Structure formats: C-alpha cells, structure tokens
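Chains as they are written, first to last, in my numbering: chain A, 390 to 934; chain B, 16 to 183; chain C, 62 to 354.
Quick caveat, the hints were computed from the structure, so don't treat them as lab data.
Just so we're clear, the structure is a prediction, and the values are computed from it rather than from any experiment.
It is possible that part of the hints are untrue.
[To be verified] Chain C regions said to be covered by chain A (calculated; three or more residues, Cβ under 8 Å):
#, stretch
1, 83-97
2, 178-189
3, 251-265
4, 318-329
[Said to hold, decoys possible] Straight-line C-alpha distance at most 27 Å; calculated BS3-like pairs for lysine-lysine:
#, chain 1, residue 1, chain 2, residue 2
5, A, 712, B, 49
6, A, 691, B, 108
7, A, 708, A, 814
8, B, 111, A, 691
9, A, 708, B, 136
Even for Gly, the Cβ is constructed at its ideal location relative to N, Cα and C.
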Amino acid sequence: MVVEVLKGCKILRHDDRVTVAEVSPERAREIAKGLFNAGCYYSCGMGVDERPVNMRFAMYHVFNCEAERRHVILKLTTPTNELTLPSITPVIEGASWSEREAMDMLGIIFDGHPEPERLILPEDWPEGVYPLRKDFPYNKKLPPAKPKEGRKKPRPDIIEVPLGPYHPTLHEPEYFELYVKGDKIVDAKYRGFHIHRGMEKLAESRMTLNQVPFLAERICGICGCTHSTAYCQAVEDAAGIYVPERARYIRTIMLEIERLHSHLLWFGVACHLLGFDSGFMHLWRAREYIMDIAELITGNRKTYGINIIGGVRRDIPEKKKRKVLELLDLAEKDSREILDNVVKMGELKERMENVGVLPKKKGREIGVVGPVARASGIDTDVRRDHPYAAYGDLDFEVPVYKGEDVLSRFLVRYDETFQSFSMIKQALDNMPEGELINEDYEIPSFKLGLGVTEAPRGEDVHLVITWGENKVYRWHPRASTYNNLPAIPIMLRGNDIADAPIIIASIDPCFSCTDHVSIIDSENGRVLWRGSLEEGIRRVGNGKA
Amino acid sequence: MGRLKLISKALSIGKVTEKYPFAPIEVPEDYRGKPVIDGEKCIGCGACANACPPQAIQVYDDVERGVRVVHLFLGRCIFCARCQDVCPVGAIKLTKEFELATPDHDDLHQVVELKLVRCSKCGKPFDTYRHLIQVAENVPPWERELLLLCPECRMEKTSEWRLWGCRK
Amino acid sequence: MSLAGCIVNVIFAVIFAPLLDGLERKIKAKLQTRQGPPLVQTWLDLIKLFRRPSTTPSESVGWLFRLGPPIALASILTAFFFVPAILPDSMRFWGDIIAFLYLMTLGTVAVTLGGFSSGNPYAQIGSHREISLFMAEEFSLAFIIAALAVSAKSFTLSNLFPLPFKASSLIGALLFVVLVYVAGARVPFDVAEAEPEIVEGPLIEYSGRQLALLKLSIYTKRLLLFTVFLNFFLRGTSAIRATYYVIGLIVLSVIYSTIEASCGRFRTKDAVRFLKRFSILGALCWLLAVMGW
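Can you build the whole structure from these sequences, using the hints too?
Right, here's the structure in full:
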C-alpha cells in the first residue's frame, strides 16, 4: 500500500487520483525506494523556484502507481536559502534525467547523484546562470561562454558512426554516436536536447492561462492534442473546474483520432525504414482519411486547437458525425488490409523479430511508457489506470506483448490502432448532449495540478502551478519520449548497424517533445546510461558477434 | 501472397496524390486559414489582441494621428481562431485561404485604422467611435454623456457626482 | 562489326538508361498510387547535377576519390563495346567474356574505392557491404559463365549463343535472370546504398558532376545487364532486332520494378546468405555442364 509507505510524511493532498506528500530530505530515498517496491514507477520530476513564496526551492517527484490508480507526488524542499537536496537516482534510475534537468535549469544541487553533469544546457552556457529561476528574465541574452575542451580517444578497432544530427532516419535533429565493429554495434551514445524552444519560460512569463493550450499543442507536431489536453487537465485539476460531459467525449474522440494518425504514420515510417516504400505509401493513403476527419471536425489537419480550459471549442454536429463515421469505416478497412499484408511479408518480419530487445526489468527501472513498455510485458496504460476525459465510459482492451523486441512494438501498435477505431465509434455513438465549455471558474493562487494523458507514445505528464492574475507560476510538460529515450542505448547494443534506424524508430521517438525544455548540447556527448564502452565490447565479443 | 494483393489494390485505386500546385485543393467549410479583419465591422476593442496566443494581433493608439491601429501580422499567426471566437462583432474571420507564401513582406500585414474620439473635456483621444457606439447600447441613457469623457475625466466626473449627490 | 556502330551503341546507352530509370520511377509511382515524376525526370536530375560543382571532403584521399566516378562510368561504357545494343555491332575476340567480367568488376571496385577513400564512416560501411555482396554475386556469375562456356567450348560471348538445348544452359539462363536483378542493386539487394540506413553508402560524399557520373554508371549498368539478357539469352530475330530490343527493355523494366516495389530490404548478411546459396546453384549448373547435360 502506498499510503503506508508515506507514513509520517505531511500529506498535502489526498483524493481518489493524486496524493501529494511533503517528504523530509532525510527520508527521501527510503520513501522513493518504498514506492518503487510497491509497484510504482518514476514518471517525472519538476524543480520549482519557490523563493517568491517561501524562500525555498522545491523538487516534485511524480510516481505513477497504476495498481492503485493514483499518482503520488513527493515534494522535497530545500532548507531556506540553501540549494541542496538528496538525489534519489541511486535508488531509482529513472529519476536521473529529471534531477539533472533541475540542476541545469534551477541550480538545485542533488547530493549523491552518480552523474552530476549538464544534461540540457549547452557547453557554452555560462556557469551559475539558471534560466528557469524567477529572477532570470525570459528575454535576457547572454554572451556564449568558452566551452570546456574535451577530446575523445579514438580506438583503432572501432568505427564511430555518427547517426545525426541530420540523418534521413531521424526526422528531427538529434545525435546518436554508434560504436561499430564490423557490422555490429558495440555501444551507443546519445547526445540530445538540441531543439530548445524555452516553452516553459515563455508560458510562465508572457502568456495567459488560456493561451498556453495552444503553446502546449505545439510541443509536438504529431501528438500535440494530447499535450494540450494534459495541460488543460492539469489546470482543471488545480482549480477544480468541472468539464461538461460532451466536451470530455469530444476530447476523447480527438485524442483517439490523433493516436490513429500517429500510429499509421509510424507504420508507414517503419515500412520505409525497412525498405518497403509501397507499404509506406499505402499506409499514408489510409492515414489521409484520418487527417480529413480531423480537418472536418477542427478545421485543420494536425493542430486541432480544440482544447481550452474548461472544455472544447468546437462541436461535432450530427451532419459531421455521419461523415466522420463514413471516413472511419474506409480508413479501418484500408488499414487493416494493408497492415495484414505487411505483417505477412517475411523479410520485414525477419528484420523486426528479436531486434532491439528491452528486458522487462530494465524497462521498469528506467520507467519506459506506452507501446515500448507494453511490448516488454509491462501492463500499463493511463487511459485504463487513470481514466480521464471519457475513457472511463468506453470499452477497450490494452494489448500487452512479451516479445520485448521491435516486432512486439509493431504488434502493440497494430492492436491499439483497431482499438482506437472502436473507441471513436463508441464515443461518437454515446456522446451526450449538452454544453461544450464551462467558463465559470476561478483560478486559485499557487496550487499544484497534475494532468496525465496517454499519448500515442505513452504517458504524458503536465504539472502546473497556477498563479493569480490569469497566469501560470510553473508549467512542466514531460513528453513520453523523455522516459523512453534512455532505453535506446540498451536496445541498440549487440545489433546490426542496419537495424539501428528501425530500433530508434521503434520507440516512435519525438525529440522535439522531449527537448522543449532544453537548450542544446554542443560538444562532448556524454554517456547517459550505465556501463562503459569496454563492457559493451566484451559483452558483444562473448555473445553474438 | 500479401504483396501481390497490395499491387492489385494499387492498380484498382489509381492515383490518390494530387497535382497540387497546378490544381486547386478543396478544404472543408470550417477550415482555419488566413484570418481577415473586416475594417467595416471592427470596433477596435482589442479582445482579439488579448486572446491571441502568439501575439500576432496588436492593438495600439497612434495619438498623433488620432487613430487606433489594429495590426495583424500573419508571420506570427498560428491559425487557432481564438480571435474569431472572442470578437464581439464578428469582424475577424478565418478564411479558407492557406497559400500565404509571398515575396513581399507587406502582404503579411493587415492594418485597420479606426478614428479615435477626443475627450469632450480634456481633448485627449481615448477610444474609437465604433466601440463607444457598441458600448452605448448597454449603458443607461443618463450615463451616456460620460462616454465622451476619457477614463481620467470620467473618474473625476463620477467622483464629483458622488460628492454632490447629483448629476449637475 | 564497325567501330562506328559500337559508338552508336554507347551513345544510345547513355541517352536511354536514364529514360529507362524514369520509366521505372513512373511504374513504382503507379504501384504506390502516386502521380509520379515525368519520364524525363531522371535526365532533368542528372542535368541539374552536371551543372553543380563537386566538392572533395577534406579527410578524403583526393585523387582516388575524384577518380572513382569517371572510372566507374567508363568501365561500364567500355563493356558496351562487347555487347550489341540497338545496333548489332560489337567487338568480338577470343576471351571477350573475360574482359566483360573484368570491366563489370572494375566499375564496382571504382565505386567502392571512391567510397573508402572519402573518409566517411557511412561510405566505408556502404563500400564494405558493396564488396561483400559483390563477391558473392561475382562468384555465381563466374559459375554461370563457366557453365555456358563449357557447353559451347568457347570464350567469345557471341559464340556461346544461341544456347544449346541442355539442362545446364536452361538453369544458367534462369540464374542469370536473377543475377541481373541482384547486380542492378534493386530492393531487397540495395543494401550498399540503403538510404534510410546508411544514407546512400559510397555515394554519400559525392556531389555535383561526380555524383551525376556515378548515378549514370548505375543506370547504364542496369541497361547493360538487360542488354546482355536480350541480345544473347533471349535473342530476337534480326529483322525486327531494334524494335524487339527496345520493347524487351521496357518489359524487363516493368517486371523488375514491380518486383522492386513489393519487397522490403534485406539485411546485408541475409542478402549475402541468399547469394551464397545462389552460387551453390551456379556451381551445380557448372557441374551439369561439365557432365554434358
């Protein structure tokens, strides 16, 4: 039981969805470990500069306890006028990135972190300047500092293959450094966070509460709607805003339409990476029906702009509903036919089976989410475990595969696609009449809200601290790829270089989503996982190579 | 054989891609394309500027020329249609037009200028005629004379009323 | 047998090969429900490339890198001197078959050497793949040719044909059909250039004119393989020779690009394994020929 673990802590909030507990720094590791052992995984962490309120910095650790259908948020605060907090990374590996992010952006020092290095800020960012602190103006420009020199020692027997920052496989700038022996990858390095857009700072400093959904939607070009929904839910959670039933149903429909388009897009890309361009074209043809549906309902193919705090902005009248159902049937028929034919193709199946294996235990430690988790036998789905929008009223199954490889991830998405078709139809049929938006609310000052959605790639978490004057005090979006990315080096090790693109693609990576909070990493990539190059070589040498 | 089925399917479907730049593309009725401000309807209230997430619309007073400028810069627009939602008179509408590429920067700007009313007391321009007319409909007749005063003078006037307990 | 005829053949190959590629692109587009580019698109691309300057990467072995594309194209075009194309003229001499094989090899070696010398890791991986694939492929080609040569007791290309009606020559012809597909670097055997994996492999650092030469050498190589098949293995009557040849090219293009559009890419090791098995078949064919079947 989660509550037992939290015994002796100050409980700030406890309802049927979320528990917020203030934990004293000495007990942080013990409680974090206790939560992990109770079946919760580390979901995300947010550092906050709370000095204007109470002269302290705070770190919020969010745990997802699916078994008990609740999120547990541990709040750690630094002593007044100090910066030090204990790191929980030694007991929970998944917390590593979040803590390093808080180190970079706020200057909180995490005691006992195994890799207290920069994750997000670039090398030429001056020391001691923390952009997310409240006393740092959003429009301040700094002269670049001189980056630290770093030289890599080349090894004669190993080829370094750069994958990115520009590569036809990666549709966004991101950098993987593969160490290759013959055709085998012995190790991989990930250097990320090139695509900083400073969204958090922007939202906090120059936007109003109801403008942020449109910024949130632009975190990702593929799963934007789910981000804006998560943001709205977080504010609605903080302010206790009632969302009308019909609005919840319309949100559900749009989220599932987004999942459909995203999964069909992924299938197409997967076919392209495996050299089967005809499949790619066919799948995108089927996807076009989904884009038409979105355009019909919202007025745009991808940026739906449907969400606003308290409800949705556009209705689905009867006439459109009929047209949508018609298009859905066409899309379902087509995509089933194409996908069934694709999975039968020997050479494609061959290239996905037993490739990019992520063991279940490792996945849990990192805290992978979405199809990646479900393909490794981890039964998790926010829609079922923490029902939001209208998901509680719908009938659907969560596919789980135990193959741990790329093929399993393909099959999870395959099953999900057809579940989504059925969910949209259910939601359209059962949609109640009524209001679309509730505009009668007041925003409390300095209140924490949590919004969680299941994006096509997994769990998206948005934490919002409201502020009076129609503003957000702190907004922290965490995209699903943020949790899945650390698993890629593990998946890559020991595989053929020919399989690297499909392995990287198999988590359906969305680098911009992940990087929204970051500022570039230039030189000196760093190893973001345990295990050295030598170990990697030895392992491959003994095993498959 | 799956792959043969896909081939026969492709042959039966024909071409689905369009000859796009050479042939027009249809968009649905409620499409969110280029926003257009109707200068005849706009009252210069500034609601759109408040709601606009990327701050593509700016409303400011040019006191020297005595006009209020409603300036829409399409380069910043994200086509969310929030302006359309909040406009009290339906002056700004998102059209079906989406081909906005242009070699001329000026094509991306829409400027509506509305004449400002000068305060009947101090002579300072403070609001547009149209906005005042719009507001006047919701103001009781005995307070309408206040409308022609700028906010400062209005404040002065109302305190005078309160002080003397009458309107004269 | 005039030299002028041979030169006409070479010019024909250079002009016609990109058009054939344009046709294949059109067919693939059709199979993918796309509009597809116009027929002359490949030519337009090449002309554009010819107008662009070429760059040489600073880490490369410059002279080797620059020498790769012209040698690749020249060796393929020289091979056209031994094979009649649109005109029935060709140079015939004892052992021209060996010269032909060497020229094919030279073309591939030039591309891979250029790739290796570019200093780019992708080019090195691509060249590595190209070589391993080519070894397996050349092995089977040697067996097939040897089988045919044993049957005909000759080392002159034109003397091998028409094929004697034997089991070995039938198998040999069938194997050659597959080999034409493989050597044309088509999906699933395009592992050396695999764009999503290793970004065009050996071609990655080439640009402008040099890239155009390399591309042209790939197109002409495909045309050369088709030509060998149409002129020797499946020869038409001399009266309608030119018509037969052009129609044959188009038919082969349609068939091959249809297959190409319905396959995914092999891994290198899968492709090599396939070719190894394939060369065992070649060896069997040769044994049959030796035994006189």
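Verification of the hints:
no., hint, result
1, 83-97, "holds (count 5)"
2, 178-189, "holds (count 5)"
3, 251-265, "holds (count 8)"
4, 318-329, "holds (count 8)"
5, A/712 to B/49, "25 Å, holds"
6, A/691 to B/108, "20 Å, holds"
7, A/708 to A/814, "15 Å, holds"
8, B/111 to A/691, "16 Å, holds"
9, A/708 to B/136, "56 Å, violated"
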